[in-house]
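Number of protein chains: 4
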Amino acid sequence: MRALYKHHAGVGLALDDSRAKPSPGPRDVLIRVAKAGICGTDRHIWEWNPWAASRVPIGIVTGHEFVGVIESIGSAVTRFQPGLRVSAEGHITRGIDYNSRTGNAHIARGVEVIGVDRDGCFADYIVMPEDNIWPMHPDIPDTIGAVMDPLGNAVHTVMEAGVSARTVLITGVGVIGLMAVTVAKAAGASRIFCTDLDPRRLDLARKLGAVEAYDARDPAWVDDVRNNCRGEGADVLLEMSGAESAFNQGFAALRNGGKAALLGVPAKPFPFDFNANVIFKGVTLVGIYGRRMFKTWYQMEELLLSGRLELDDIITHEFPLEQFEDAFGEMISGRGIKVVLNIGD
Amino acid sequence: MRALYKHHAGVGLALDDSRAKPSPGPRDVLIRVAKAGICGTDRHIWEWNPWAASRVPIGIVTGHEFVGVIESIGSAVTRFQPGLRVSAEGHITRGIDYNSRTGNAHIARGVEVIGVDRDGCFADYIVMPEDNIWPMHPDIPDTIGAVMDPLGNAVHTVMEAGVSARTVLITGVGVIGLMAVTVAKAAGASRIFCTDLDPRRLDLARKLGAVEAYDARDPAWVDDVRNNCRGEGADVLLEMSGAESAFNQGFAALRNGGKAALLGVPAKPFPFDFNANVIFKGVTLVGIYGRRMFKTWYQMEELLLSGRLELDDIITHEFPLEQFEDAFGEMISGRGIKVVLNIGD
Amino acid sequence: MRALYKHHAGVGLALDDSRAKPSPGPRDVLIRVAKAGICGTDRHIWEWNPWAASRVPIGIVTGHEFVGVIESIGSAVTRFQPGLRVSAEGHITRGIDYNSRTGNAHIARGVEVIGVDRDGCFADYIVMPEDNIWPMHPDIPDTIGAVMDPLGNAVHTVMEAGVSARTVLITGVGVIGLMAVTVAKAAGASRIFCTDLDPRRLDLARKLGAVEAYDARDPAWVDDVRNNCRGEGADVLLEMSGAESAFNQGFAALRNGGKAALLGVPAKPFPFDFNANVIFKGVTLVGIYGRRMFKTWYQMEELLLSGRLELDDIITHEFPLEQFEDAFGEMISGRGIKVVLNIGD
Amino acid sequence: MRALYKHHAGVGLALDDSRAKPSPGPRDVLIRVAKAGICGTDRHIWEWNPWAASRVPIGIVTGHEFVGVIESIGSAVTRFQPGLRVSAEGHITRGIDYNSRTGNAHIARGVEVIGVDRDGCFADYIVMPEDNIWPMHPDIPDTIGAVMDPLGNAVHTVMEAGVSARTVLITGVGVIGLMAVTVAKAAGASRIFCTDLDPRRLDLARKLGAVEAYDARDPAWVDDVRNNCRGEGADVLLEMSGAESAFNQGFAALRNGGKAALLGVPAKPFPFDFNANVIFKGVTLVGIYGRRMFKTWYQMEELLLSGRLELDDIITHEFPLEQFEDAFGEMISGRGIKVVLNIGD
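Chains as they are written, first to last, in my numbering: chain A, 5 to 349; chain B, 5 to 349; chain C, 5 to 349; chain D, 5 to 349.
You can take every hint at face value.
If several chains are the same, the list does not tell them apart, and a pair holds so long as it fits within one copy or across any two.
Here are the computed lysine to aspartate or glutamate pairs in the DMTMM-like style, where the Cα-Cα straight-line distance is at most 20 Å:
| hint | residue 1 | residue 2 |
| --- | --- | --- |
| 1 | LYS299 | GLU236 |
| 2 | LYS299 | ASP135 |
| 3 | LYS25 | ASP349 |
| 4 | LYS272 | GLU248 |
It should be emphasised that the hints constitute simulated quantities derived from the structure, not laboratory data.
Build out the structure end to end from the sequences listed, making use of the hints.
If you want it as structure tokens, here you go:
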């Protein structure tokens with residue numbers, strides 16, 4: 005089969021045309037991949053940054069966002085049959101620690117991620133445990149099925165924060181931040197305020213429903229958000245940039261007693277004023293990683309079925325697998341927002 | 005001043021043109037009423053049904069939904085000034101029991117309701133305690149200000165149930181049920197299903213955002229809702245009819261582990277199957293009365309500011325106070341949905 | 005192997021000394037049973053009441069509460085090894101509906117219960133799916149391991165209600181009600197009030213920590229509870245009797261805005277006043293069935309490790325399997341509270 | 005009247021024997037103080053540290069924890085009468101912002117604190133707004149009534165974290181940390197682990213119910229807590245030291261998906277690793293300041309009525325008001341834990 009893999013300890017990926025097709029174990033299914041999304045994590049692996057060099061084994065097939073069709077099933081599989089169109093949760097757990105057994109397998113001990121710790125989905129076939137399979141609703145097209153993973157990040161962030169009838173501030177509208185705009189609006193946020201550095205993404209955030217989208221470089225936005233929110237600040241902060249300044253400004257723009265969901269990954273530890281930002285304000289923070297198995301997936305399906313998610317402007321490009329260099333190029337240049345690889349026919 | 009009051013123990017209300025203007029106590033404000041909504045409770049008082057006869061004192065000024073302007077304040081009032089446009093929460097409490105002191109004054113011991121237990125708002129002036137005043141946001145017009153009370157019922161029901169990214173079934177789309185449709189959609193419900201007996205209200209429910217609106221007389225709707233919701237049933241039930249059949253069918257159409265918020269008031273106790281409806285299903289129920297002071301009011305303001313609430317088709321009629329007989333006539337006939345009295349100039 | 009089974013459509017069970025030892029499927033484990041508790045459900049099967057006659061297949065091995073040791077594992081089992089001391093959750097699901105995939109498998113569609121729908125644990129061996137296995141903490145003895153199932157019912161009820169720093173009323177102190185007394189106290193209930201008809205159980209409830217234990221026949225207890233709780237009523241109601249009078253009195257003794265968890269199974273539907281009990285009081289109800297997989301099990305383990313659960317007076321008798329008639333006799337007579345069968349050596 | 009006040013911009017306080025007795029406004033009550041606790045904040049004012057110098061006006065009467073009896077009431081007071089034994093919430097708000105009107109007045113805008121921003125309780129009399137009064141239950145003695153304020157901090161921290169049937173780690177057992185040990189145990193924590201630098205306080209923590217109390221200087225405690233908690237870490241962290249090392253170690257000892265409540269006030273911002281501590285772990289943090297009006301007070305009353313709070317070893321000294329120098333001396337030396345001034349007779 006074809007597979008895009010990490011062929012050396014340096015920049016880029018290589019396409020292998022004759023990689024052996026994997027075999028499912030007794031509790032696995034084999035999936036023929038139709039489409040797969042390229043994530044910022046894949047970019048890190050492409051660029052071979054220090055995180056990738058320290059974590060990712062050479063030789064691995066990359067990619068962790070996909071949709072496809074079950075080709076065959078292992079001998080002990082009972083819940084799914086060949087022919088079913090599916091996506092899958094990419095976090096794989098051993099299953100006997102607290103989080104694995106209470107609906108939080110995404111933060112379980114010893115979790116493995118496809119395309120990072122074991123072979124991923126930038127290939128004609130992938131093997132996945134039966135427990136990780138998500139049947140795709142027939143009304144949801146493959147292009148969206150290919151990005152259920154990052155959409156799930158956005159949904160998990162929005163739903164953990166709780167946005168219904170609340171004002172929401174989103175600091176950072178990259179791919180997941182933009183998804184969070186349309187998700188928050190569909191999930192009931194009353195008014196959405198955004199910040200970013202990129203004017204094109206700010207424009208898109210407005211189009212998707214933000215009432216204000218600010219250039220984060222002018223700190224006057226903090227007071228503007230506060231003034232718009234009874235002089236007290238936004239009810240909810242979704243931090244999606246990882247930038248130290250966004251943390252400081254975002255918490256300043258959050259009202260006392262507000263809630264912050266943190267998805268953006270800071271490059272390194274930075275000085276944080278817990279007194280002013282959290283303790284004296286009585287603020288609640290929640291760290292967001294991955295998405296719940298499968299509570300988030302059900303929420304995502306419902307939001308998609310509501311017809312209110314606007315993802316067309318976020319998924320900007322699709323390329324055949326063979327044009328993976330163009331695909332990564334569009335994505336790395338910033339011209340593409342979410343780029344999808346078409347793998348199946 | 006003019007005042008619409010219960011003049012005898014029988015049908016109807018009378019307009020008194022020279023009632024004494026009330027005086028605010030030290031912690032009260034005097035409000036010049038601009039507009040006031042007519043509620044189903046007012047209809048019960050008009051018709052002098054057994055509940056009204058047992059509870060409402062003859063001579064009382066009726067009405068509890070209104071917007072107006074503060075005319076004067078009592079000697080110990082510190083938070084508001086004359087000239088402020090306001091609505092008010094109509095539940096008045098003594099303030100030293102558990103619910104009064106923990107944000108649930110609407111279910112406090114010894115609560116008094118304006119227009120039921122003491123003089124209400126169908127008059128040129130009304131006295132209200134300072135603690136009950138809600139300043140109206142300038143972007144919200146008087147016609148909506150006049151119906152904050154029932155809108156608050158709808159918002160309280162929807163927010164207690166928690167509809168974000170969930171399927172919602174509403175049994176009964178009278179005034180508050182119709183408001184609940186637009187509120188639930190704005191608050192993030194993914195798909196809304198309704199039942200009622202009145203084809204006009206079912207049509208309006210569809211226009212406001214229900215994906216299906218069923219005639220409750222054909223019980224096939226239960227299976228249809230279940231089929232539309234993964235074969236399991238709706239995530240949330242908002243019971244707004246008080247009908248025994250709506251309880252039975254509504255719980256049958258609710259999925260295991262779902263949540264029901266009960267606002268409709270049954271006419272009398274009826275046999276209920278806790279095993280099938282609640283215990284074996286692991287269902288949560290919550291009884292809804294009034295609205296929170298003032299959490300619900302803030303949620304309502306935010307939903308109104310979102311621009312997503314569609315109330316124009318629900319508030320069908322406005323009449324001057326002098327035409328109160330026409331106003332009650334439209335309301336009682338069912339031609340009117342929500343009818344508003346214009347009292348101020 | 006030996007197995008206690010339903011040998012005919014009538015009263016009693018029979019012991020088969022030479023039943024075939026079951027074989028585990030690829031994802032199952034085979035467990036050598038050490039001890040097993042006798043449940044009220046087993047009594048219904050013994051007595052062959054209408055429920056049992058309508059649900060339970062003749063020939064089935066009964067029993068669903070047990071502790072034992074893994075004897076062998078199926079070919080696709082990865083998480084557990086032979087020799088491990090375990091209990092198990094007796095609800096077995098197919099695993100692809102909403103509740104199965106979100107931590108609520110106990111209320112999943114098509115759930116099967118061991119000892120009711122398929123062979124249970126009153127035997128030398130039982131086969132269980134790997135997903136249902138609970139490893140026993142070494143500090144928890146077998147006698148308690150044998151009753152993890154009903155203890156889990158009590159823990160699920162108490163934890164769903166939320167008792168920390170709250171007054172708790174328990175209507176009905178049968179086996180699970182008595183367990184709920186000690187569980188609620190350990191879980192942080194401030195003051196516990198109980199009702200029952202049996203003076204011995206009321207005495208035991210007091211010994212386990214109830215501040216008051218009332219004979220339910222004298223309705224004065226309702227006012228006494230209210231007076232003890234600021235004149236407003238208890239914060240939490242745990243309904244564990246299934247009696248219509250306990251529902252009516254229990255809700256009357258619950259404060260406005262309180263929470264009720266319903267575990268007791270009424271014999272049939274009865275007239276219920278939703279207005280007075282739920283709607284006008286703003287009360288929340290939750291139906292309790294089974295226990296969460298595995299959130300409740302973790303809570304139960306922690307409560308046991310706290311050293312504060314007092315179960316010695318609740319587990320009144322132990323009998324060898326061969327003396328099953330004595331065991332059922334003690335249990336049915338009411339002399340025994342919880343009766344355990346010793347099956348292994 | 006007598007009053008202990010800040011007489012100059014330097015160390016110490018002075019006792020004025022003839023300060024004018026304050027007069028209650030129309031919505032205030034005048035309280036004759038019986039006993040008052042000395043808080044760490046009072047010590048900062050005594051020592052005139054930079055925070056005190058920047059915030060506290062010279063001339064102010066200090067003290068904010070007290071119990072006493074209502075002497076007289078203002079003209080518009082309706083809820084309380086002279087002769088009632090009371091404590092009071094020391095945070096005073098204007099009452100029209102979001103938090104003031106939704107049960108979170110402790111984090112309201114423009115909140116004033118008695119003994120810091122306006123005259124406090126180290127005096128024969130204090131004036132308090134009617135809205136801040138808490139009637140003391142007759143079963144709770146004055147010595148405990150004098151420390152309801154810090155006990156409320158501990159209760160608010162414990163209840164926000166949610167400790168029922170959970171393992172709890174408390175970093176820092178000063179006065180409020182020690183109170184948190186007994187509160188957490190009474191509120192249902194399964195097992196409590198503590199850290200501190202002071203061996204005497206660690207001993208007292210063990211006596212109050214901690215299963216382990218570690219010297220924080222030996223970092224091996226982190227692994228020990230993890231090992232004791234399934235190898236995963238504690239369910240709950242109560243951070244009560246404000247120390248950077250306690251944050252870092254505390255989060256390392258918290259399990260993925262755990263919850264942290266932060267009460268300790270760091271001396272200054274410090275570098276914090278959000279990735280390792282919060283985001284990748286899916287942890288929830290909540291900042292704790294003051295206590296809820298009056299949800300926390302009700303919880304506190306219930307915990308006191310449970311009879312399970314052990315405060316005798318925490319309240320180590322009582323002195324007459326005239327011996328205030330000895331009282332502050334015992335407190336500042338560390339010989340005293342909680343020191344109470346006896347003001348009334």
